[in-house]
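In the order they appear, the protein sequences are chains A and B. So in the working numbering, spot 179 of the first sequence is number 179, and the numbers just go up one at a time. Quick note: to get the working numbering, add 389 to the position in the second sequence (first position is 1).
The set of hints was computed from the structure by calculation and includes no laboratory data. Glycine residues also receive a C-beta, built at the ideal position from the N, C-alpha and C atoms. Treat the hints with care, since some could be wrong.
[Said to hold, decoys possible] On the chain B side, residues computed to face chain A include the following (Cβ under 8 Å):
#1 LEU633
#2 TYR636
#3 LYS665
#4 THR666
#5 ASN696
#6 ILE757
[Stated by the list, open to error] Here are the simulated distance ranges between beta carbons:
#7 A/THR283 - B/ILE773: 46 to 52 Å
#8 B/ARG742 - A/LYS22: 57 to 63 Å
#9 B/SER671 - A/LYS22: 48 to 54 Å
#10 B/ILE773 - A/ASN134: 48 to 54 Å
#11 B/GLN708 - A/THR349: 30 to 36 Å
#12 B/TYR517 - A/GLN287: 35 to 41 Å
#13 B/ASN762 - A/GLU231: 53 to 59 Å
#14 B/SER526 - A/GLN258: 41 to 47 Å
#15 A/LYS22 - B/GLU767: 54 to 60 Å
2 protein chains.
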Amino acid sequence: MKSCGIIVEYNPFHNGHYYHAKMARELSGADIVIAVMSGNFLQRGEPAIIDKWTRAKEALAHGVDLVIELPFAYAVQSADYFAKGGVKLLQALECEALCFGTDSQNEMDYQAFGSFVSKHQEDIDQRYQQIKNNGMSYPQQMTEVFRQLYPQSGLDFSTPNHILGMSYAKENALYAQPMKLYPLKREQAGYHDLTIHQEFASATAIRKAVFANELDQIRQVLPEQVRLDLEASSNVSWEDYWSLLKYKLISNSINELQSIYQMKEGIEYRLQEAAKTSDSFSTFIKQAKTKRYTWTRLQRLSTYILNNVKQAEIEQVWQHSYLQVLGFTEQGQRFLKEKKKTSQLPLLTKISRDSGEQMSLAIRSDQIYRLGNSNISEQNFGRIPIRLS
Amino acid sequence: MKSCGIIVEYNPFHNGHYYHAKMARELSGADIVIAVMSGNFLQRGEPAIIDKWTRAKEALAHGVDLVIELPFAYAVQSADYFAKGGVKLLQALECEALCFGTDSQNEMDYQAFGSFVSKHQEDIDQRYQQIKNNGMSYPQQMTEVFRQLYPQSGLDFSTPNHILGMSYAKENALYAQPMKLYPLKREQAGYHDLTIHQEFASATAIRKAVFANELDQIRQVLPEQVRLDLEASSNVSWEDYWSLLKYKLISNSINELQSIYQMKEGIEYRLQEAAKTSDSFSTFIKQAKTKRYTWTRLQRLSTYILNNVKQAEIEQVWQHSYLQVLGFTEQGQRFLKEKKKTSQLPLLTKISRDSGEQMSLAIRSDQIYRLGNSNISEQNFGRIPIRLS
Chain A
1 MKSCGIIVEY NPFHNGHYYH AKMARELSGA DIVIAVMSGN FLQRGEPAII DKWTRAKEAL
61 AHGVDLVIEL PFAYAVQSAD YFAKGGVKLL QALECEALCF GTDSQNEMDY QAFGSFVSKH
121 QEDIDQRYQQ IKNNGMSYPQ QMTEVFRQLY PQSGLDFSTP NHILGMSYAK ENALYAQPMK
181 LYPLKREQAG YHDLTIHQEF ASATAIRKAV FANELDQIRQ VLPEQVRLDL EASSNVSWED
241 YWSLLKYKLI SNSINELQSI YQMKEGIEYR LQEAAKTSDS FSTFIKQAKT KRYTWTRLQR
301 LSTYILNNVK QAEIEQVWQH SYLQVLGFTE QGQRFLKEKK KTSQLPLLTK ISRDSGEQMS
361 LAIRSDQIYR LGNSNISEQN FGRIPIRLS
Chain B
390 MKSCGIIVEY NPFHNGHYYH AKMARELSGA DIVIAVMSGN FLQRGEPAII DKWTRAKEAL
450 AHGVDLVIEL PFAYAVQSAD YFAKGGVKLL QALECEALCF GTDSQNEMDY QAFGSFVSKH
510 QEDIDQRYQQ IKNNGMSYPQ QMTEVFRQLY PQSGLDFSTP NHILGMSYAK ENALYAQPMK
570 LYPLKREQAG YHDLTIHQEF ASATAIRKAV FANELDQIRQ VLPEQVRLDL EASSNVSWED
630 YWSLLKYKLI SNSINELQSI YQMKEGIEYR LQEAAKTSDS FSTFIKQAKT KRYTWTRLQR
690 LSTYILNNVK QAEIEQVWQH SYLQVLGFTE QGQRFLKEKK KTSQLPLLTK ISRDSGEQMS
750 LAIRSDQIYR LGNSNISEQN FGRIPIRLS
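When you get a sec, could you build the whole thing from the sequences and use the hints?
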């Protein structure tokens, strides 16, 4: 069976995602579509608005055949590590194609770009070292590096989905059998776009409507099932975890805060002070923000703090990765059976209390996720993959 | 000016406390009554139902001239350390007398008991070592030790206020100029008594009525001002901190939990497991309870966990104790001025951010206390002693 991978978050699942899954199958001619999906905490350092099992169920009903969880250690990361995880899991399943959204304004050959980078990584790093203290943002710096080294690419690092696309391309090119890349241009509703269009809206706009209790407004941009799930009042946002984050920042010593993954350069002092005087997560981030520490970077760091993440745990997962199956269609299940013998990573269809050290971060972060809303059900023990027939 | 000390918690202040303050003055013939009062966390490991400033104000209006805070490091402790702190602070102010409630059924000479213990501590320790593994509870063991060594005392370790009285007596006898002791027999309303009597009720019964929203029922056992304070809805109980405690127990590693003061013998595993499956503080304690770990011991341990207390911080306060003044009457202020020159411990009338390392536990625990109810005002910075004129 030929498969096409997509790397997703579904926060929440909407018509644009449905279109993406359909086009992945169509463009690649694959028999099955595999979604590698972030779990309960997401790339930009946020709790997912709906838990991972519900999102997996929605995806299976809308064009996806197999949902594999992208572990926290890869999911809550900058684009490069996020892509590294997504591509690694798809490669383990011998996936032949990868389809991803792009919001780049230029037509660009991602495949060629990927090979270029994989061959010239040293030059790129060197150029980057030369300019990294020039006061520009990281995206601006990378644009400059590529303008110098690879002018024909017409690169533009300023739109988030395009950056992810480039990260997938770079990572993919490192494998002996790279997947064929299918960039899918977003027609409407850019990543940060807040307007609700005819049939499409960005996930950001949808979340905004949900938290403003305006679910009727988004009726036309979501599958019916997703709207019902969003109405079931197990939604969460960062504000639901704010009291816990504040408590942790206030109660921990500076030494203890320094043991958190990515806590460095003295930001722990700034965060502790900001926590003491803030009454909500958004005022906290506004107060802590600097030029160096952007909103997304602080959100991600906050997610590490909330989940008490340590460097060693992250590395543990990187070294002992696994494929946790959240659900499948009949087709997906057949595909899994086929790949079971050849998969380069262990396939997990249930989590027990002795699932090994590399699972401890995943289990713990799911338990902490549940503290945000008492309606969220157990996320690991006793759960088996959703089977959509 | 002659002074009489009382060591108190006021959780909340009631008519029995008012009577205690009046009798302290009357029995001792003192000019002023000094209350050494627990702050926002109490001896039995609970958050105080009302914050310390409000309780100090109530006391000053009802027979007390000076309120000094008993620091967390002494307050949230078993009877012996609680007494050590209370007596130490009163001794630093050259207090001449100490009046305390007792619920012992026997008439007993506390002063003589104190001297006996201070002279025979080694014998007592030895006897205790001999029987300590006999399976009896600590109170039963101490009753047995004294039955063997000092039968004429007629000791009874089974009632909490009596145990405190004996601890005061022991500690007091270690000083060159011991205070004269005035035990005050409780006429009604024993410590654990849940009935509401004519004018007196135990603090336990009063808290029960408050949390059942039956403030009218306790109108006659409290000063009017206290009832109004209790109605102002800044009350807290352990349940208001349960989500934070649960989060801490779930998010911390076993190693991290082991760094908490008094966490030993593997109880951290038991507590972490109990936290995962409990939805309230009371079910948590019920689940974690064993013969060895009584309700009070677990509550106290929970208070250390909630406040992330470390052994070194406790010792820091023991070695560098201080007198934090919460309030005074005119008389009390005059007394303080007089003692300022001779006091053996530093007198603090305001807390600033650089008040020294020995203040960090106090400041932190007050910040955490505030997380239980958003109506609780700042407890340290910018606060000055209440002055009742």
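Status of each hint after checking the structure:
no., hint, result
1, LEU633, "holds (5 Å)"
2, TYR636, "holds (5 Å)"
3, LYS665, "holds (7 Å)"
4, THR666, "violated (11 Å)"
5, ASN696, "holds (7 Å)"
6, ILE757, "holds (6 Å)"
7, A/THR283 - B/ILE773: 46 to 52 Å, "violated (28 Å)"
8, B/ARG742 - A/LYS22: 57 to 63 Å, "holds (59 Å)"
9, B/SER671 - A/LYS22: 48 to 54 Å, "holds (52 Å)"
10, B/ILE773 - A/ASN134: 48 to 54 Å, "holds (51 Å)"
11, B/GLN708 - A/THR349: 30 to 36 Å, "violated (57 Å)"
12, B/TYR517 - A/GLN287: 35 to 41 Å, "violated (54 Å)"
13, B/ASN762 - A/GLU231: 53 to 59 Å, "violated (31 Å)"
14, B/SER526 - A/GLN258: 41 to 47 Å, "holds (42 Å)"
15, A/LYS22 - B/GLU767: 54 to 60 Å, "holds (57 Å)"
Going through the hint list in order, the structure does not satisfy hints 4, 7, 11, 12, 13.
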